[in-house]
Amino acid sequence: MRFVWQGKLVAPSLDLRPNAANLKHAARVRAQVVDEIKRGTFRFADHFPDYRNAQAHQPDSDTEARDFAAWATVWERLSARTLEHSTHLIYKRHMKAYWLPAFGHLRPERITHEMVLEHLAELAIPRLDLKTGKQLRGLGRKTQNNILIPLRGVFELICKPPSRVQDPTEGIANQKTQKAKPDPFAPDEVDLILRELAKRYGAEVADYFEFSFFAGLRASEQIALRWDDVDLRQRTVLVWRTRVMTQDKERTKTNVERTVELNTRAAAVIQRQRARTAIRGAEVFQNPNTGEAYQDEQSQGRVWRTTLRAVGVRYRAPKECRDTSVTLALMAGANPMWVAMQHGHSVQVMMRDYAKWIPSADRGANLAAVNASIAGPAEPDIGVQLV
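Note that our numbering has the sequence shown beginning at 28, numbered continuously upward.
Don't read these hints as lab results, they were simulated from the structure. Bear in mind the structure is a predicted one, so any value in this text is a computation, not a measurement. Don't take each hint at face value.
To be verified - Once the Cα atoms are required to be at most 25 Å apart in a straight line, the calculated PhoX-like pairs of lysine-lysine come out as:
hint, residue 1, residue 2
1, 158, 65
2, 119, 280
3, 119, 187
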């Protein structure tokens, strides 16, 4: 039988007659061998004790026998305990798409710092996908930084003492990237978008986005919001769970629950939703086309893009509904501390990302307070005498 071991094709034999039954047995043995290689547990002596080159092919320990693909499998299994489900899925995709095709068949000690840099350089420029024949765009700086995270994780595991493998990712700095600033919608754009949503997709879809604009929950928080979390008398909602990539989590992005006070427009949406979904006692917002809860943000995203194109409003991602909620509150004169608490932001984030909206929000109240505090004794009114 033939299989690839440590980057080389090997062909040990089984001492069996080549009849149908034995061929099936050999196929099962080979499948088991391939599986053990993937898991990093394969040893030549266990299956082929009489193979003349077994010693040459068998490293001193099980861990030394693993190629990079086997180590990646081990890391994926172990990291699932500490990573968020959505993050874990993304890292697995990055590993499969960018690193395993290049290094999966190699032993870790054969992967050098220069090889990693060379591969990153190849990914950064347009290239041809040999499988599909399609032209692929080069990876941007942010994506390059992101795909390095799982690679570093695998080598952090590989290089734990007493390993003698040198980490090839050491010294590779992240690319500098430009952080996107909030890009909220103007009030007239909000009304234009909501009217078009209602016309095209109905009032319930429009209400979903109206709540996004005026309550400012994260999309993962809004689709997980349940009627148990709504206080109709106090006009508040308790935000403490999320739904990301169909997975429910009993925590927010910042791991801090918060109570959101609903303004009149957000509270009005809740009252309208009460007649639509409260009888079921589950999620506040449900897909009107299916009658089921939203599991992710895909269908909302399609509706959103079509609507903005129809009304001629410059495209921004649906997450800008949340930024719009923040900036509308600041421009209305709300205290930035209160706005930060409402939206689950830290004060540092509020001052860093939304500072440009804060000076106009106080409508001169802060300057007036400072002037009143520092004013000296009133000067006498000497008047003006006309001659």
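How the hints compare with the structure:
Distance restraint check for residue 158 and residue 65: the Cα-Cα separation of roughly 23 Å lies within the 25 Å cut-off, and the hinted pair is therefore satisfied. Distance hint between residue 119 and residue 280 is fulfilled; the C-alpha atoms sit about 21 Å from each other, no more than 25 Å. As the CA atoms of residue 119 and residue 187 are separated by approximately 21 Å, the hinted pair is consistent with the 25 Å bound.
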